[in-house]
Amino acid sequence: MNQKTAARRPYVRSMQGWWRRDPFFMVYMARELTAFAVLAYSIVLVVGVMRLAQGEAAWNGWLAALQSPWSLLLHLVFLLSFVIHAKSWFEIMPKTMPLMFVGGQRMNPAIITWTGWGATIAASVALFALALWGQS
Amino acid sequence: MSEAKMIEIQVLRYRPEQEDEPVWQSYSVPFTDDMSVLQGLQYIKDEIDGTLSFRWSCRMAICGSCGMMVNGKPHLSCQTFLRDLAPGPVRIEALAHFPIERDLVVSVEPFVKKLESVKPYIIPKEPRTLEQGEYLQTPEQLAQFEQFSSCINCMLCYSACPQFGLDPDFVGPGVLALLHRYNADSRDGGQAQRMEIVNSQEGVWSCTAVGYCSEVCPKHVDPANAVNQNKVNSAKDYFLRFLSPKGASK
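Just so you know, the protein sequences line up as chains A and W, in that order. Every letter in the first sequence is one number past the one before it in the working numbering, and letter 59, counting from 1, is 73. Every letter in the second sequence is one number past the one before it in the working numbering, and letter 22, counting from 1, is 154.
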């Protein structure tokens, strides 16, 4: 090792707690964390399908379990998580897509974000309409 | 020229011959409304403490040399003004996620090696003779890569990328954006050669779409977009080889 190399002693800074360093990273971590809520809710739904396959009593038991106070609280947490997850994903969606041009102009990223919200709202309204129609 | 006000600039110093780890040092610097953070550092070096080390060259956001963390965020110090940070204190640190060589100077060799590795030049799809004339390109074809050609290699995006901080082997946003700049060029035929890097463990799949790289980019390159477009390209490259009788590019 020559003199010049020996004098070099690059200092590597720790990454510990990196996600607390910038609000942007916290939003990112919230997006990652709320993905678990999406996973958990999909499991709840899969269990529902399995109970349905097991017959009427099993299905009614599952429906009753959904109406317990703990379940309602859990669903509130799910809903909040989904809103955070969706907001954060729709904001980053323009960055994840191929460049889009309309009439030779680059599409405004906000349009892509709001298209995401539009689809979410349309799907939610359709689902509620279906649920209400099913009850009537 | 208006009368100088004072601002406190705190700099994370690291002198390998005298310190085992970086230490904060504070300076009181007179500033005017037209002074950048870089000019503040130059004042320190010229008038207060000549031992302070930092990189700079053009002073106009073109050369990409003076990137540093200003109050914890990656900025070009020539483009960041003390008036916007008053009353201070202003905390200045070497670019995050890079090893510190000395004070505000970071190691750039691995970054330069990565830059070279992506063949950042046009590999002609069809070689043409002079008689055949120039390569023509439509405005639409230009638009596919133009923004990605604005990179000045300032490495701010690397300081914004926690995945690079956690794994320094990750090719990273800036270099992948430059790679995409050539892959997306209609005149270029070198995509197959570059896909090996895109597809590798250190390639686009190390990106988890944090997206901060695009926020801090002083040239609006949007490296996150380049990286994420190449996740699609990488997936296509992987699956299409099962369909292609000759085998797709490696």
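If you're looking for bench data, these hints aren't it; they were derived computationally from the structure. None of these values were measured; they are calculated from a predicted model. Keep in mind that a hint or two might mislead.
Some chain A residues judged to face chain W by a derived CB distance under 10 angstroms, without partners named [as the list claims (entries may be wrong)]:
1. Phe-39
2. Tyr-42
3. Arg-65
4. Pro-108
5. Thr-110
6. Ala-124
7. Phe-142
8. Ala-145
If you want the ones that stay clear, here's a sample from chain A, every Cβ over 12 angstroms from chain W, calculated [what the hints assert, rightly or not]:
9. Ser-28
10. Met-29
11. Val-41
12. Ala-71
13. Trp-76
14. Ser-102
15. Met-107
16. Met-111
17. Gln-119
18. Pro-123
19. Thr-129
20. Leu-144
Glycine is no exception: its CB is placed at the ideal position from the N, C-alpha and C atoms.
| field | Distal placement of A/Gln-119 relative to chain W, Cβ over 12 angstroms | value | A/Gln-119 not clear of chain W: closest Cβ-Cβ about 10 angstroms, inside 12 angstroms.
| said: Using Cβ atoms and 12 angstroms as the threshold, tell me whether A/Ser-28 really stays out of contact range of chain W. | reply: Its Cβ does come within 12 angstroms of chain W, the nearest being 10 angstroms, so this is violated.
| message | Confirm or reject: A/Ala-71 is not an interface residue toward chain W, with every Cβ-Cβ distance exceeding 12 angstroms. | response | holds, 44 angstroms
| field | Interface hint outcome for A/Tyr-42 [beta carbon to chain W under 10 angstroms] | value | Holds: closest Cβ of chain W sits about 5 angstroms from A/Tyr-42, inside 10 angstroms.
| task | Grab the minimum C-beta distance from A/Pro-108 to chain W and call the hint holds if it beats 10 angstroms, violated otherwise. | result | holds, 8 angstroms
| Beyond 12 angstroms from chain W, beta-carbon-wise, is A/Met-111? | Nearest chain W Cβ is 8 angstroms from A/Met-111, so the label is violated.
| said: Given a cut of 10 angstroms on the nearest C-beta pair, is the interface hint for A/Phe-39 held or broken against chain W? | reply: This interface hint holds because 6 angstroms falls under the 10 angstroms limit.
| query | Taking the closest Cβ pair, is A/Ala-124 under 10 angstroms from chain W? | reply | Because about 15 angstroms separates A/Ala-124 from the closest Cβ in chain W, which is outside the 10 angstroms limit, the hint is violated.
| query | Taking 12 angstroms as the cut and beta carbons as the points, is A/Met-107 off the interface with chain W? | reply | Given a closest Cβ separation of 10 angstroms, the condition is violated.
| When the least beta-carbon distance from A/Ala-145 to chain W is tested against 10 angstroms, hint result | It is violated, given that the least Cβ distance between A/Ala-145 and chain W is near 33 angstroms, above 10 angstroms.
| Holds or violated: is there a CB of chain W closer than 10 angstroms to the CB of A/Thr-110? | holds, 4 angstroms
| said: Please verify that the nearest CB of chain W lies beyond 12 angstroms from A/Thr-129's CB. | reply: Nearest chain W Cβ is 17 angstroms from A/Thr-129, so the label holds.
Of the hints listed earlier, those the structure fails to meet are numbers 3, 6, 7, 8, 9, 10, 11, 14, 15, 16, 17, 18, in rising order.
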